[in-house]
Amino acid sequence: MIELDTQVIKNRVKGQKIAISGNAAIARGLLEGGVKVITSYPGSPCAEVIEHLAPLCDEYDFYVEWSVNEKIAFEVAAAAAMSHVRSAFITKHVGMNVASDSLMSICYAGVNAGMVIVSADDPGAISSPIEEDTRFYASIAEIPGLEPYTQQEAKDMVVEALNISERAKLPVFIRATNRIFYGRGVVVTGEIQNSSRNGEFDRKNPRWFITRRNAVRQHKWLHEQRKLLDKIAQTSPFNNIEWAPWSRRGIITSGVSYHYAKEAIKELSLVNEVSVLRIGHFNPLPVNYVKRFLVRLKEVLLVEELEPFIEEKTKALLPEINKKIKIYGKLTHHLPETGSYSVEIVKEAIAKLWKGKSDFNAAGHESRRKLDDLSHLLAKDPLTFCPGCPHRASFYVLKESIKKTNQEFIVNGDIGCYMFNRKSPFSFSDTVFCMGASIGIGCGLFQAKSNKRIVATIGDSTFLHAGIPALINCCYTGVDILVYILDNEITASTGLQPYAGIGINAEGKQTKRILIEDVVRACNVDFMRIIDPFNIKEAIATVSEGLQAKGQRVIISRHECAQVSAKRNKQMGQAIKKFKIETGKCKQCLICINTLNCPAIITRDGRVYIDAFVCSGCGLCAQSCPHDAIVPAAKNE
Amino acid sequence: MLNPVPTMRLCLQQKMNNTQDLIVTGLKIHKVMEFAQVLSQAAALQGFDVKTAEFSVEQIMNVEMAHIRLGEKVFSPLIPEGKANIFVCFEPALAVKHIRKYLSPDGTIIMNTHSLLSFDATAEQLISLLSPSAKKVIKLDVFKMAEEAGDISRSHMVLLGILSGLPNAPVSLSNIIAVINKNFSSSDAKRYVKILESGREFIEKGGLNMYEGAYLNKDFRIEVDGKKKWQRLLRNLDKDKGNR
Chain A
1 MIELDTQVIK
11 NRVKGQKIAI
21 SGNAAIARGL
31 LEGGVKVITS
41 YPGSPCAEVI
51 EHLAPLCDEY
61 DFYVEWSVNE
71 KIAFEVAAAA
81 AMSHVRSAFI
91 TKHVGMNVAS
101 DSLMSICYAG
111 VNAGMVIVSA
121 DDPGAISSPI
131 EEDTRFYASI
141 AEIPGLEPYT
151 QQEAKDMVVE
161 ALNISERAKL
171 PVFIRATNRI
181 FYGRGVVVTG
191 EIQNSSRNGE
201 FDRKNPRWFI
211 TRRNAVRQHK
221 WLHEQRKLLD
231 KIAQTSPFNN
241 IEWAPWSRRG
251 IITSGVSYHY
261 AKEAIKELSL
271 VNEVSVLRIG
281 HFNPLPVNYV
291 KRFLVRLKEV
301 LLVEELEPFI
311 EEKTKALLPE
321 INKKIKIYGK
331 LTHHLPETGS
341 YSVEIVKEAI
351 AKLWKGKSDF
361 NAAGHESRRK
371 LDDLSHLLAK
381 DPLTFCPGCP
391 HRASFYVLKE
401 SIKKTNQEFI
411 VNGDIGCYMF
421 NRKSPFSFSD
431 TVFCMGASIG
441 IGCGLFQAKS
451 NKRIVATIGD
461 STFLHAGIPA
471 LINCCYTGVD
481 ILVYILDNEI
491 TASTGLQPYA
501 GIGINAEGKQ
511 TKRILIEDVV
521 RACNVDFMRI
531 IDPFNIKEAI
541 ATVSEGLQAK
551 GQRVIISRHE
561 CAQVSAKRNK
571 QMGQAIKKFK
581 IETGKCKQCL
591 ICINTLNCPA
601 IITRDGRVYI
611 DAFVCSGCGL
621 CAQSCPHDAI
631 VPAAKNE
Chain B
1 MLNPVPTMRL
11 CLQQKMNNTQ
21 DLIVTGLKIH
31 KVMEFAQVLS
41 QAAALQGFDV
51 KTAEFSVEQI
61 MNVEMAHIRL
71 GEKVFSPLIP
81 EGKANIFVCF
91 EPALAVKHIR
101 KYLSPDGTII
111 MNTHSLLSFD
121 ATAEQLISLL
131 SPSAKKVIKL
141 DVFKMAEEAG
151 DISRSHMVLL
161 GILSGLPNAP
171 VSLSNIIAVI
181 NKNFSSSDAK
191 RYVKILESGR
201 EFIEKGGLNM
211 YEGAYLNKDF
221 RIEVDGKKKW
231 QRLLRNLDKD
241 KGNR
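Top to bottom, those sequences are chains A and B. Just so you know, my numbering puts 487 at position 487 of the first sequence, and the rest follows in order with no gaps. Just so you know, my numbering puts 166 at position 166 of the second sequence, and the rest follows in order with no gaps.
Since the hints were derived computationally from the structure, they do not count as laboratory data. These figures come from a predicted structure and were not determined experimentally. Do not rely on the hints blindly, as some may be mistaken.
To give an idea of the interface, some chain B residues facing chain A are shown, with a C-beta separation under 7 angstroms as derived from the structure [claimed, not checked]: (1) 40; (2) 62; (3) 75; (4) 77.
Distance condition first, Cα-Cα at most 25 angstroms in a straight line; then the derived DMTMM-like pairs of lysine to aspartate or glutamate [unchecked claim]: (5) A:570 x B:148; (6) A:570 x B:81; (7) A:580 x B:148; (8) B:83 x A:381; (9) A:330 x B:81; (10) A:577 x B:148; (11) A:578 x B:58; (12) A:10 x B:141; (13) B:101 x A:348; (14) A:578 x B:72; (15) A:266 x B:72; (16) B:83 x A:267; (17) A:266 x B:49; (18) B:101 x A:381; (19) A:10 x B:188; (20) A:578 x B:151; (21) A:567 x B:34; (22) A:355 x B:81; (23) A:570 x B:58; (24) A:577 x B:58; (25) A:580 x A:628; (26) A:567 x B:151; (27) A:266 x B:81; (28) B:73 x A:267; (29) A:577 x B:147; (30) B:101 x A:267; (31) A:578 x B:201; (32) A:14 x B:141; (33) A:580 x B:151; (34) B:182 x A:381; (35) B:73 x A:348; (36) B:144 x A:348; (37) B:182 x A:344; (38) A:509 x B:58; (39) B:83 x A:344; (40) A:580 x B:34.
Heads up, the beta-carbon is just placed ideally off N, CA and C, and yes, glycines get one too.
Put together the whole structure using the sequences plus the hints.
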């Protein structure tokens, strides 16, 4: 899938009309803008930007990096922009929190070449732990903030943001939502610019030394830039008004919500009665532009996803206009304050407000209710590990070991594929917050003298991202904890990106490998073992020992991600040894299903089958079957 | 920068054209996203405005869904409830709730009968769940067809072929083939086109017969009362499983 888009965006031809995803559109924008240093840490929904660009590195002479975490990624990109080299930092919304420390101080200094920060918000928390609105970062850092409403605008905005950045000497913040990144739209390609990657850093300039007097002076400079930023916002090509001739009503919207609003007023036949203002340049708000829209109207509805960012700023303008205008939105509870929007949600709000009747579909509701009653009969949303996933084996081992010790443990989860252990049959991940929190929360639970012992489960890439300081904290303060590191030798949950633990960089080239066991040893833990989770008997013995020991124990459960091995087997042309259930031997005890929940094992009419198309041949079920009914299948079966 | 106050002409321009709305659901292992990508690129090639909304995952047995909208001018990437013209589903028992939510009353369902999941519904229950919207249903085992055509992992190509043969086909076969030839290596493309054409052939050889308001698959006669078809569907599924 990624290869397909990459093929499309690398074409040098100008004016080509293509349907690409938002990820590919932003990647193309970075190519067209001549960006030379691009950094990120893998995170959905924006992980594919780097993946699209990585194969084109040599052809277009730029540098891409999967950094160890977002703070470092931001610093790498900012330093390049300080040295007159155009750069970009791509992050998901929660990554902005990690990078925010550097953002605040680096914005005092400013940059020399264009720098763009792309932040991917996730309304509805579809692929994230939380749904945060990162527009506020543009506001706190006092930098220009833009939001695209289509993939085409996302591409154009990246190019324009680089120009704005060079004019204002500040990084420019682009916020887009999951519907831009995980969606396709028609994009017309522009010309690919060439710029220089030979940087020049002026070491004598005092603006790079942000403390005390320099800090206050640079803060003042930042405020003085405000005048220029206001002017840029006022004349931004990304703001647009569509007037309706007989209207005293209007909608102010931003980003993808624009489409929902347009479709809703079309379906309610209000096209000639409701004017629409789309704000693409949200920070600083184009005040005069908004005022000009407001003065003609009597009622305005604000449609924006997540926080009422523009709504609050619009309300603040009312005293200056000197006219009675009613503003509706999240603050007046006309629209939901959480979750992602859809045409139905916006339509319902507009219908209630301006049609005086609800759009609620009683028949539809009735049929949905009937479906809910019968939903237990349908196939369940699988929401599980892949067939052959090493995490399944790791958690099977942990579960069996905990059973053996006869104690109760709090099992903290972290961010990654292994979060699916929350589901049956494992029922782990009692807590999940953010990167590295499993260990930090574990420290606090211990200090609060909680009556249960603690296990922290954390992935390999997550451990290098935010787990190391937390583990050092455990050892330094003497916390009793078992840290169970699930090392599948890849960043799996965002789409198989390489990381420092395997010593392969974003371009796919070999670099130095940072071994997790060496890092753990250097933290001076009391107990460290490495297990292969598919070697069940030995693994259970080791984990049981680790659970019963005292002090800081670390167990690294290492086995390659099933998707990586499957890919390699396919490339090498190796056949996979699949498994089947011998009907005669199977006692229908369902132990395989109830302890492993492998999607390859399915039941129908009281019989158990292994689907040959899905089976990955890991053999875990064969090891766990008490009746030896699961055996390797012959080739033709 | 301020736009002028519009005249009547401008207002008339705002009148929007109807769109073709299509939903694909399945598991990641079915390559739902590649289906969406090939289709949307083919539609762009055909000169349509295209927007899609994709719900993708990285775990191969988790559920993916793509909304694909094409027409002269498309606004919302998400399809409003009850507006989808065509519903393509790889997993029948998973798709029921989405079909009921999104499919328009005169919409078409293209359904893969080979389920990879466990489910306990009886024939009557499933038919009662589907009945308000299931009027035109094309059913087939895409895995079997893809395997016969050479590559079981590209079963979505069969469905693309079928889609291009519908009376209200959103894109033409030649444009899909052009996209495949442009984006895959020549040996892969050759293989995929073969699978694609097997889907098209299925439709042309009578996969699509109008009968009592229902599209009929010639291998799979639908009883007029609609009850026995699900019993037979489930029986066929079991037979398939047994053979495997």
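**Prompt:** Tell me, which hint numbers fail for this structure?
**Reply:** 6, 12, 14, 31, 32, 34, 36, 37, 40
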